[in-house]
Amino acid sequence: MSHPDVIVVGGGIGGLGAAFSLTRQGLAVRLLESAPAFGEVGAGIQLAPNCTRILDDYGLLDEAKSLGVVPDAMVMRDAVDGAELTRLDLRDLETRYGYPYLVIHRSDLHGLLLRACERAGVELINDAQVTSYENTDGGARVTLASGAIHEAGMVIAADGLHSAARELFVDDEPVSSAYVAYRGTVPAEQPRVGSVDLSEVAVYVGPRCHFVHYGLRGGELLNQVAVFESPKALAGRDYWGTPDELDAAFADTCDSVRDGLPFMWRDKWWRMFDRNPIMTWVHGRIALLGDSAHPPLQYIAQGAIMAIEDGWVLGEHVARHRAADGTVDWTAALAAYEAVRPEHCRRVLTTSRKWGELWHLDGLAREQRNALLRARDTYDYSFTDWLYGPTALSPDQEPEMFMPIPLSSVAPGEAALAGGAA
1 MSHPDVIVVG GGIGGLGAAF SLTRQGLAVR LLESAPAFGE VGAGIQLAPN
51 CTRILDDYGL LDEAKSLGVV PDAMVMRDAV DGAELTRLDL RDLETRYGYP
101 YLVIHRSDLH GLLLRACERA GVELINDAQV TSYENTDGGA RVTLASGAIH
151 EAGMVIAADG LHSAARELFV DDEPVSSAYV AYRGTVPAEQ PRVGSVDLSE
201 VAVYVGPRCH FVHYGLRGGE LLNQVAVFES PKALAGRDYW GTPDELDAAF
251 ADTCDSVRDG LPFMWRDKWW RMFDRNPIMT WVHGRIALLG DSAHPPLQYI
301 AQGAIMAIED GWVLGEHVAR HRAADGTVDW TAALAAYEAV RPEHCRRVLT
351 TSRKWGELWH LDGLAREQRN ALLRARDTYD YSFTDWLYGP TALSPDQEPE
401 MFMPIPLSSV APGEAALAGG AA
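Each residue of the sequence shown is one higher than the one before, starting from 1 at the first, in the numbering used here.
Among the clues, some could well be false.
[Unchecked claim] With a cut-off of at most 25 Å between alpha-carbon atoms, the simulated SDA-like pairs for lysine to any residue come out as follows:
1) K354 - D172
2) K65 - V193
3) K354 - I300
4) K354 - D380
5) K268 - P243
6) K354 - P277
7) K354 - P191
8) K268 - E189
9) K354 - R320
10) K232 - N276
11) K232 - L261
12) K354 - E316
13) K65 - A83
14) K268 - G236
Simulated from the structure, these hints should not be mistaken for laboratory data.
Given the structure is predicted, the values throughout are model-derived calculations rather than measurements.
Can you build the whole structure from these sequences, using the hints too?
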């Protein structure tokens, strides 16, 4: 078997995005996927302008828009009383950042990237479970569960939360948040769909729980996500996140939330893990990408986006460090990749954790949060400029982080007044 320029391990959104990005630069790419067929589980996914900008660069944005929905607004409400707290005008946001905020079915995005890889000539191999990685004199190799060995000048480990390559970099384990997500899609003919505004992404934040819904596939489906903290997980039980906990977690929420619960898939749920940030992603000619490097909690909807950004940034640096004869200075390209991506993703991971804490407050802290959100101007983008602008290719292009507003800046009396006004 001939040796490609690059091997990408993992056929998820991050792996496909990286394979396409590198193939665009004229490299021969082989992608190894452990499953017998390509596919993606889950339901909806949100793509902010920092991602749709890359899809446009790839020539894929129009297709993505045809498969998804470009909503008008994102609205945050209190899950207990249903009152609006704050909103983003997503049409104005598109004007600010130059690209739309798009929601799309995860399988549609995956299929779009898979077709792009097929057109570009990526060598796609299924039933290829990688069990080990190692560097060689001229590149790197991977060994499959079958015993087969694949070699290339470069190996990209895009093999997810439980990456076999990560142990080359750090001895760590996934971190459980004790939160679990239930998902479900509702077809347009159901009365439930008619009771919600499909032009908005709605987020209901409540004590130790939240609920999200938005339209998919041109309004043919309503996507719903219910997330809650599991008492069984906190108690150290092995079997946690069960449907009885789902019902209990949302028992005191408003009608708009409770009306959606019967439509959740109850035979499967997703326990929410991340990992602590690491700043070293490159080991010789082996590099981490996507969830193998930075699996986040999902509160700012950047998990798949970060993976797509990783692949785009790596492709751009390959282009900058490729000689006229086609050879790539991988040392320089990987150094540039590692100089910018780990710090950005560290910010996203830590912000996602903090944002999750903010969403799930109770008592006085919940009232203070609500007061701060109600005071926010709809067109204040200080909390998104660091994230939704152009993806940085070097550390000097990385925007400064936003300045958090402490809950303590709201006096208890002010919080109580704001809560009563709702």
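To see whether the hints hold, each was checked on the structure:
no., hint, in the structure
1, K354 - D172, "holds, 21 Å"
2, K65 - V193, "holds, 21 Å"
3, K354 - I300, "holds, 10 Å"
4, K354 - D380, "holds, 20 Å"
5, K268 - P243, "holds, 9 Å"
6, K354 - P277, "holds, 14 Å"
7, K354 - P191, "violated, 36 Å"
8, K268 - E189, "holds, 24 Å"
9, K354 - R320, "violated, 36 Å"
10, K232 - N276, "holds, 23 Å"
11, K232 - L261, "holds, 20 Å"
12, K354 - E316, "violated, 31 Å"
13, K65 - A83, "violated, 31 Å"
14, K268 - G236, "holds, 20 Å"
Violated hints, listed in ascending order, are 7, 9, 12 and 13; each of the other numbered hints is respected by the structure.
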